[in-house]
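**Q** Work out the full structure, taking the sequences as your base and the hints as a guide.
Going by the UniProt record's numbering, the first residue of the sequence shown is number 1, and it counts up by one from there.
One or more of the hints may lead you astray.
[Unchecked claim] Cut-off 20 Å, straight-line C-alpha distance, at most; resulting in silico cross-link-like pairs (PhoX-like, lysine-lysine): (1) Lys102 / Lys69; (2) Lys58 / Lys69; (3) Lys30 / Lys58; (4) Lys195 / Lys170; (5) Lys221 / Lys178; (6) Lys30 / Lys69; (7) Lys102 / Lys30; (8) Lys244 / Lys221.
Derived from the structure by calculation, the hints contain no laboratory data.
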Amino acid sequence: MAAWISDAAYAYDGSFDGLLSCVFESYARKEDLVDLRSDADPQYTLFVTRWVETCPEKANRVYAAIGQKISPAAQELVRRGFLTCDPQKDLLIYRFLRLGFKHGRAVMDMLTENTVHRLRKAVRHLNTESHALMGFVRFSVYGETLVSVIEPRNRVLPLLAAHFCDRYRKESFMIYDKTHGQALIHRAEEAGAGKAEIVDVDELIMPEAGEQEQAYRRLWKQFYETVAIRERINPRAQMSHMPKRYWGQLTEMQGVREYRPDSPESKRLR
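**A** This is the structure we're talking about:
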């Protein structure tokens, strides 16, 4: 049996099928990867890098093998891992699959193994962020379309799609991921659940809010301020449950001053 070649490096087009094509190529060539990155990654590498073309057929074979030789749960972990913001997610997924094809289903329980631990941690961060955004997304009305702008760290749109398409099935809406330059677009239909897709968007310039939208925003802020009980305001707890990095896109938080523990106002609220 031929020995595996170490110190190989691959680059691919950044797609999920492209990543799985790299896994296929690695096994076909018996090359153990020390570096794996998409063409969108600007970092330099010391290794001679081989470009791997995306092949859906090879990707499908690898994906099927993950379910058969490891588990369906591993397929989902890899899919979600690909959506995370971990800067080394490509290599992490590759190393996880090397372990998985060697140890089978048992790899899912190897929680102290560094690769498995890091991949699971990255996916937990993705899941937490997507769950939070299901409550933090705020839509604005522009004509017949609802529009929201978010700035997530992870690529959460695929995880948000089912929730919002079900909740607003009869509405046309768009959720623009400003961080990653993508948008979830849902087109309402009179009959059926409508159609949704995720597309690349280089830039989105929002028009000025109309009178109706401004009225909605004022009413929402008024409601938010009215239901608050001043004596029970707890800025620390608020920032714990509503992290400040989301405030820029929350209607009710526009104009809210930054909480400072040592300010006179904060001391009065303790």
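**Q** Assess, step by step, whether the Cα of lysine 30 is no farther than 20 Å from the Cα of lysine 69, and give holds or violated.
**A** holds, 19 Å
**Q** Do the alpha carbons of lysine 30 and lysine 58 lie within 20 Å of each other, as the hint requires?
**A** The given pair, whose Cα atoms are some 16 Å apart, holds under the 20 Å limit.
**Q** For lysine 102 and lysine 30, compute the direct alpha-carbon distance and say whether it is at most 20 Å.
**A** Judged against 20 Å, a Cα distance of about 14 Å means the pair holds.
**Q** Within a Cα-Cα threshold of 20 Å, do lysine 244 and lysine 221 meet the stated pairing?
**A** Cα-Cα ~17 Å, so holds.
**Q** Between lysine 102 and lysine 69, does the CA-CA distance stay at or below 20 Å?
**A** holds, 9 Å
**Q** Lysine 58 and lysine 69: Cα distance at most 20 Å?
**A** Roughly 16 Å between the alpha carbons, so the hint for lysine 58 and lysine 69 holds.
**Q** Quick one, are lysine 221 and lysine 178 close enough, alpha carbons at most 20 Å?
**A** violated, 24 Å
**Q** Do the alpha carbons of lysine 195 and lysine 170 lie within 20 Å of each other, as the hint requires?
**A** holds, 10 Å
Hint check: a violation occurs at hint 5 only; the rest are consistent with the structure.
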